[in-house]
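Protein chains: 2
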Amino acid sequence: MLDVYIAGAGMTRFGKRPEPLSVLVREAAEMALRAAGQGAVEALYVGVMNAEQFTGDSNVASELVDALDLTGIPAVRLETASATGAAVFHAAAQAVAARVYQSVLVVAGEKMTDRPAPLVTGILAEVLDRDERLCGLSMPAAAALITLRYASEQRLTPEQLSKVLARIAVKNHANGALNPYAQFRQGLSEEHYLRSAFVADPLRLYDCAPISDGAAALVLTSTPRPVRVLGLGNGTDYVALRLRRSLTSFEATRRAAELAFRMARLTPAAIDLAEVHDAFTSFELIGCEDLGLFAPGEALKEMERGATELRGRLPVNPSGGLKARGHPVGASGLAQIVELTWQLEQSLPAERRVPRAECALAQSIGGLASNNFVTILGKSRAGPLAAAGRWSSAAPRAVADSAKGGAGANGARRSSGAPSQGGERPKARPRQEGIDAVGEVETFTISRRPPAGFPAPLVLAIVRDRFGRRAVARTRNNLPVRIGQQVYITTKGGVHELAPKSRLRRLGVLARRQYRRLRQRLPGGVRRAASDDAAGRAA
Amino acid sequence: MLDVYIAGAGMTRFGKRPEPLSVLVREAAEMALRAAGQGAVEALYVGVMNAEQFTGDSNVASELVDALDLTGIPAVRLETASATGAAVFHAAAQAVAARVYQSVLVVAGEKMTDRPAPLVTGILAEVLDRDERLCGLSMPAAAALITLRYASEQRLTPEQLSKVLARIAVKNHANGALNPYAQFRQGLSEEHYLRSAFVADPLRLYDCAPISDGAAALVLTSTPRPVRVLGLGNGTDYVALRLRRSLTSFEATRRAAELAFRMARLTPAAIDLAEVHDAFTSFELIGCEDLGLFAPGEALKEMERGATELRGRLPVNPSGGLKARGHPVGASGLAQIVELTWQLEQSLPAERRVPRAECALAQSIGGLASNNFVTILGKSRAGPLAAAGRWSSAAPRAVADSAKGGAGANGARRSSGAPSQGGERPKARPRQEGIDAVGEVETFTISRRPPAGFPAPLVLAIVRDRFGRRAVARTRNNLPVRIGQQVYITTKGGVHELAPKSRLRRLGVLARRQYRRLRQRLPGGVRRAASDDAAGRAA
Chain D
1 MLDVYIAGAG
11 MTRFGKRPEP
21 LSVLVREAAE
31 MALRAAGQGA
41 VEALYVGVMN
51 AEQFTGDSNV
61 ASELVDALDL
71 TGIPAVRLET
81 ASATGAAVFH
91 AAAQAVAARV
101 YQSVLVVAGE
111 KMTDRPAPLV
121 TGILAEVLDR
131 DERLCGLSMP
141 AAAALITLRY
151 ASEQRLTPEQ
161 LSKVLARIAV
171 KNHANGALNP
181 YAQFRQGLSE
191 EHYLRSAFVA
201 DPLRLYDCAP
211 ISDGAAALVL
221 TSTPRPVRVL
231 GLGNGTDYVA
241 LRLRRSLTSF
251 EATRRAAELA
261 FRMARLTPAA
271 IDLAEVHDAF
281 TSFELIGCED
291 LGLFAPGEAL
301 KEMERGATEL
311 RGRLPVNPSG
321 GLKARGHPVG
331 ASGLAQIVEL
341 TWQLEQSLPA
351 ERRVPRAECA
361 LAQSIGGLAS
371 NNFVTILGKS
381 RAGPLAAAGR
391 WSSAAPRAVA
401 DSAKGGAGAN
411 GARRSSGAPS
421 QGGERPKARP
431 RQEGIDAVGE
441 VETFTISRRP
451 PAGFPAPLVL
461 AIVRDRFGRR
471 AVARTRNNLP
481 VRIGQQVYIT
491 TKGGVHELAP
501 KSRLRRLGVL
511 ARRQYRRLRQ
521 RLPGGVRRAA
531 SDDAAGRAA
Chain W
1 MLDVYIAGAG
11 MTRFGKRPEP
21 LSVLVREAAE
31 MALRAAGQGA
41 VEALYVGVMN
51 AEQFTGDSNV
61 ASELVDALDL
71 TGIPAVRLET
81 ASATGAAVFH
91 AAAQAVAARV
101 YQSVLVVAGE
111 KMTDRPAPLV
121 TGILAEVLDR
131 DERLCGLSMP
141 AAAALITLRY
151 ASEQRLTPEQ
161 LSKVLARIAV
171 KNHANGALNP
181 YAQFRQGLSE
191 EHYLRSAFVA
201 DPLRLYDCAP
211 ISDGAAALVL
221 TSTPRPVRVL
231 GLGNGTDYVA
241 LRLRRSLTSF
251 EATRRAAELA
261 FRMARLTPAA
271 IDLAEVHDAF
281 TSFELIGCED
291 LGLFAPGEAL
301 KEMERGATEL
311 RGRLPVNPSG
321 GLKARGHPVG
331 ASGLAQIVEL
341 TWQLEQSLPA
351 ERRVPRAECA
361 LAQSIGGLAS
371 NNFVTILGKS
381 RAGPLAAAGR
391 WSSAAPRAVA
401 DSAKGGAGAN
411 GARRSSGAPS
421 QGGERPKARP
431 RQEGIDAVGE
441 VETFTISRRP
451 PAGFPAPLVL
461 AIVRDRFGRR
471 AVARTRNNLP
481 VRIGQQVYIT
491 TKGGVHELAP
501 KSRLRRLGVL
511 ARRQYRRLRQ
521 RLPGGVRRAA
531 SDDAAGRAA
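The listed protein sequences correspond, in order, to chains D and W. Per the working numbering, the very first residue in the first sequence carries number 1; after that it's consecutive. Per the working numbering, the very first residue in the second sequence carries number 1; after that it's consecutive.
It should be emphasised that the hints constitute simulated quantities derived from the structure, not laboratory data. Treat the hints loosely; a few may be bogus.
What the hints assert, rightly or not - Simulated coverage check for chain W against chain D, where a stretch passes if three residues somewhere in it have a Cβ under 8 Å from a Cβ of chain D:
#	region
1	97-109
2	273-282
3	297-303
4	362-371
Just so it is clear, CB atoms sit at the ideal spot from N, CA and C, and this is done for glycine as well.
Chain D with its partners taken away, still in its complex shape:
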């Protein structure tokens, strides 16, 4: 375990802020330094995701060390897309653990509201795979594709899905209403949620974290303090959705969790509260399962039972989460850790304090879950070894099931593979590129606010061919599709387009001609598949 402690935490209110980034960072940093009771730090660690494009600033580590009147000390900047705030915390903790510095200041922030929303959506979409962006995929659309697939695997009706997502949004807004640093403080009713517009079906406006400005800060030290860093873990997965083993479980989270729990010598059973990256409400569900906080398939039921509410068995996002606290992309990962610190210090007002919190976890997602981080903090008063002894003897809550890939009720979803074991590097899988001319729709969405330059709405889908290769595609003429539907896939300028097979039949002569032309261009295997279909039709 690392000899790293948190000496003080601070953050700004998140939301639309008139101040420049440097002023926001300074506000958060001064609060953290005050809380730490110290003026001097030896180094500055900066987390900003994309000042270059959001505000036209470069050289941000230098800019911020100046803005903080700390000019002279070492200063570096880290970036891992929307997990930047967690990444910078981990790097700073490693430097303190290595005894390179005794005390460092970690700041993370983002200034996003200077630009119009479609442009921000476009900048954020650049974290996605370049090829998959060609059809107009945005972050909300990608999240919607994952959410619908999740619902389908869980056999939820649209109404049931709405209900559970509403429940998460309402919970997080209720928590945010108690948090003076949250962007949204007015709460949210289920009715209001259900009346809100779709951003990318099935995700509504209230399923998506807002565009925000804000900053967070922490002081880390090697001198024992009440809150200790117990575990750090980071894991990656393919940027391209099409290459992933599973669409509905984030391997990057599972790998990060495994490393963090191993460093902390803990199991998920030890966790008393968690901040889970709910950039989209459904990610809170998936995150809780990936972290092993609930057995696969159990998160839904536990949330219905209220387990994750502020007064529940395992409060999740007591701060309001990204959903209600706001989501300045570079800052969120660090703001989660600020919340855990305050909860463990028991310094918050009773109304929003999680009682008896001894051990807390934060999970942060970078990009569309391509680079995720898990951070575990605990009270350090019991001393490291005693604490480890107490915790490692605790019964694992769900990790055993999670570690072996989940053979439970949700076997199908988990069969896509367990996370890497024993610290080994996961085997590089051959990248299967290209797509067949016929496939089956795995999931779809109607993207209603695509990035700048794309028409709205836009029907997007993930299609899988009989070789198991996937593609993100749009449908021809925005035609609706459904999960499991057989479609023809054509590709032009790198953009895959889907045409429902059934539609070709309905269109008669014209379609049959098109179908024949298509057959002539197909390789042997696919021609056979097309013939099978024709045979099926005859029968």
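Keeping the supplied structure of chain D fixed, place chain W upon it in accordance with the hints.
Relative to chain D, chain W alone:
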């Protein structure tokens, strides 16, 4: 000292490369992994300065972990402008030292040649202070301002300055000619140097590092190997040139050097060879002095004596430096460390090998010397303690003088202040903003290739008022100025404009009217100064 060793090093040839960044990084990484004799690493550390603007890529840590077929393992990206390659090496070494990982892969790269040169110049200029950029300041222009000031303080004639800069360029090109990874391999004659065009007087084309593509990679491990990390140091200085104590000594380097030498328990006398950030030839001179490799004012003489040549007493930039090896901004800091590793391993061909190299240093500059890094490597066969004993007993070459602020021949230049001592945070100096209406030219340049959107040529200067406050300014109608000249300063839209006082006199009635109008607008103090001038004229 840290228990961190270099297991293997690799890099691509630098230059204009057709491949995308991911392919370049892969080439360098495969070479480093081969050299390390290992396939498995536990984490990836990525250094890229500005993929967002150079190539439109975001989420680069994730993109590169995929490109390297390492998907799954932790991956983070660091950025500190043009010192990015050094910053990522330091962060990776800290993580290994903290025993978070036993073995990590560090990669750094940049892809710059996809964009037209004026656009690249503009993107690079964004590391400069926002206010100082308003008048069209570019990196070469800023370096030229510093260079002319340096020459003036050293009392060099333009011919002497040309001669010493030519000497550095010729040396580095000669070294580059021997390096198969260098961008320029044809060598450079003094005549050719002197015939080359000015980019920003007194800097010519051959004083400036080129725009390049390329990547470098290293494998770090906690298992003893022949090359060991001895010292790491990072220091910052104001981004704004106007706020610095000295224009001609980089405090960021001096602070970084102090930390690195302290960690290594060495003095500059122990250094057998150095890679010094020569983005501009004059920076090699300044760097050698700031590092304590030569006493202040001595670097010039030592270079004339050939001390820094490949077969000299203290070879500097045996790789060819940024000047001849090329300067893919994110990669250069790591490429320097790759060169040191190869030199210490004695694995290079005899023609370009520095004999008896036991201890080597790299200095990397971020931005216009706002965030600098020093890395010290050594042979580890003697064992850490023995080595430290041997080295720390060596007579300091120049560090004593450097540490006490330099009271030698170059007192004026060094009087601006010593670096921070004893690890204390340097005191925040009050920022003196604003500028008086009258000042004296400290240095100037004719910028012939300003960033996109500015007319060429552009006469720029740094002016200092009687309160010691500085401003970067342009001259009215591009009028020439000289060092020490008295000028009037006007400000419009944040851009400071200088008009020579003498010119007003020559212009007769019209000018006198303008002069009276100006006087009426001036505060008391300045009006008096203006009267003094009038009195002086009368006398």
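**Report entry** Annotated coverage of the region 297-303 of chain W by chain D, confirmed only when three residues or more have a Cβ within 8 Å
**Finding:** Violated: only 0 residues of the region 297-303 of chain W have a Cβ under 8 Å from chain D.
Query raised in the report: Okay, the region 362-371 of chain W and chain D, do three or more residues pass the C-beta test at under 8 Å?
Result: n = 4 at 8 Å, threshold three: holds.
Report task. Check, residue by residue, whether the region 97-109 of chain W contains three or more positions whose beta-carbon lies closer than 8 Å to a beta-carbon of chain D, and give the verdict. Result -> holds (count 4)
Query raised in the report: Okay, the region 273-282 of chain W and chain D, do three or more residues pass the C-beta test at under 8 Å?
Result: violated (count 0)
This entry does not satisfy hints 2, 3, going by the numbered hints stated previously.
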